[in-house]
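A.B. asks: If you want the building blocks of each chain, they are given just below.
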Amino acid sequence: MYMGYCNLQCADGAAGLGFRGVSLYNAKKYSDNTRGTFPGALMKTHRYADLDCFIPVLASTDKWQAISELLGSLTTEGLVRDPDLALQDILDREHTLSTGMTHGLGLPHARTQAVSRRCVALGLCRAGIEFDTIDGLPVHVIFLELSPLHGVWPHLEYLADLARAYSDPLWRSELESCTNLAGARRVLERLSS
Amino acid sequence: MQSDLLIALQVAVVIISAKFLGRFFERRLHQPSVIGEVVAGLIIGPFALGGIAIASLHVHIPLIGQVLTPAVGPLFPIDSSGIFHEGLLRVLTILGAVVLMFDAGLETNLKRFLAFAPAGLATGLGGSVLSFFLGAGAAVWSGLASSFRDPVAMVLGVIATATSVGLTVRVLSDTRTLNTPEGATILSAAVIDDVIALVFLSLVVSMSGDSSGTAIPWGMIGLRSLWAAMVFLGLLGIGLLLRKRISKLLLRLGSLEAAGVVALTFGLLAACIAEASGLALIVGAYVMGLSLSETDIVNVIHKALIPVREFFVPLLFCVTGMLANLAGVGSLLPFALLYTVLISIGKLVGCGLPAIPFGFNLRGAARIGVGMVPRQEVGLIVAGIAFGNGLIGSQMMGAVVVMILVTAVATPPVLAVLFKGGSGLRRPAPDQSTDTRMIRIPLPARDLALFIAEKLVDMFRHEGFHVFDMPVRAKAWDLRKGSRVVTIAVEENSILIMAGGDSLDYARLVFLETITGIRKVLGDFDSLGEHSIRHLLYPREELRTQEHIR
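Going down the list, the sequences are from chains A and B.
In short: position in the first sequence from 1, add 7, done, that's our numbering.
In short: position in the second sequence from 1, add 73, done, that's our numbering.
Simulated from the structure, these hints should not be mistaken for lab results.
Every value quoted in this text rests on a predicted model; they were computed, and no experiment measured them.
Heads up, the beta-carbon is just placed ideally off N, CA and C, and yes, glycines get one too.
Treat the hints with care, as some may be off.
[Unchecked claim] Partner residues are not named here, just some residues of chain B that face chain A (Cβ under 10 Å, in silico):
#1 Phe97
#2 Glu99
#3 Lys493
#4 Ser496
#5 His535
#6 Glu536
#7 Gly537
#8 Val558
#9 Ala562
#10 Leu585
[As the list claims (entries may be wrong)] Restraint ranges, calculated between C-beta atoms of paired labels, are given here:
#11 A:Ser174 x B:Leu610: 45 to 53 Å
#12 B:Ile514 x A:Thr109: 15 to 23 Å
#13 B:Ile514 x A:Leu98: 23 to 31 Å
#14 B:Gly310 x A:Pro145: 33 to 41 Å
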């Protein structure tokens, strides 16, 4: 029953109904990878230290550049198969509703065919970047998260947990003072305790 | 008749009659299906239709020989001393009892039990103890047992202990009173009831074959109860410690159906440990079910076990009904009625009185007491075990079945009338504030609410939640992942989201993303326009051809 349902899910998504902004062409291109992703991943939970890239000082001065810069870092690591598609999916999501939160946190994200596993990049910007946030303040911390379109991934759970943790000013300042990937992972890891 | 042929025919007849009568009782007579299944057993049993001799086919084909051996005999034969031997059916009923109790454990809501633990504990204990003594007393005062410590008296006491709240729950949910303090107290007390009955059951098991009427010393009864309680709690402790490992192991199978069935085998293993410790098999199965009820795959297991349950449980109750000799009850009828009245008083007073200190008035106490009166599943299983151990005969089984039928038929109307009055509390209920909070999202139309809710549930599924469609009239889903529990329901035009602590913020985010996804889809849809939809249906070439024809 459940297995049948899942196949339906994959078929539904791959048919390009566009629920998460996938064009029919791209869906076909990657549809081979979308089969049978269930139910091996029945109990997937995220780890806070799941951070793949870290940019201590973002060179960008606006929202779209910053997103491209973070995506570029993930691409350099070989995590993104199709950067153009990934960017398109992120921008589609961002145009529908901005992911700028409060206290200077930006959480751009997308479920996309362009990646084969969940990946996260973190970028910091002391000067602040306009991000169309809820409280109107510029963002200093941007997490970019990409998850595969199909299968089970704790995509939003990670973002929800990050947003909650970020409301703590002490933790926020620790995160903002990180200088390297290992340090950022350590600060994130502290959340799981 | 050949034994293989006989058992196949017996199982077929049992299942067919139990299922059809069970459904008939459930749909037409608004009684629990278990009652229909027991009645099916009475009808097809060895003391009624099943005792009539039937002729089997006798076919002789040249060269091949005899296809079926000639035999004339009843489908459910009784021996010369009037005792029905279930044979292989007994093995199937044992499995049925394990499946049922494992499932009962799974369905137990430990958290809800703990929320109402003080009132539940008091009412459960009061009702169990008083019913036990009144049940055993009925046997003593009718002259069927020499003392309270006589095995027959003990068995009747244990049968009187376990309430079946299935019927009560149905009445309460029909009258929308399940979430009242009375309803919650009944559900909580029923957990205690089951546990006490299972502990007492170990006494019955340990008296195997000892129907000589010799009284068991009180010291022995105390020691055995203590041992049974220790084994119960020990098994539960181990089960709760290992529950996460077990659920992880089950998920490795990669198939939810397989996970459910293998979970049941863990129930069987726990049942073996319980039996080896001198308790009944069903105690172990119940404890394993109870342990797994605190995992996020509880609903997955429950769903996967539906076919297994549908096969074994009707068989269990039908065969238990077959053990009863209703026609032979005759001389025991006064006892059966006395027993029914006394153990009903046992629950009414035993559960009602202890509820009063917990803020209930007399009306509330009466509601709780009456709600606890029906005895069904566990009582029948205990009676079956006692019968198997030779402690009670088919006439006494008949008396027990009379009690079960009377309480099942009499309780719902009384309960429905009792719940019509005002509050059952002496003062307004204290705020049962729990961690769980709710958000209500009003929408312009019910169809839209349903559409968004379905997409929302899908989104949670992609996040790794186990989804369970709740069998309620309104549309509702129970979503679980690790310790997170989220409930989504559609009520009229609104979507309700219930979650505890930080899960609610998470649920808010998932809702927001769902809406964002839908808006994107609607944007794509709008961009199609009426003109291009027509072109999708009739491609350009086809339109051109049509114009050409014209």
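A.B. asks: When the structure is checked against the list of hints, which entries are broken? Sort them ascending.
C.D. replies: Violated hints (numbers, rising): 1, 2, 3, 4, 8, 9, 14; every other hint is consistent with the structure.
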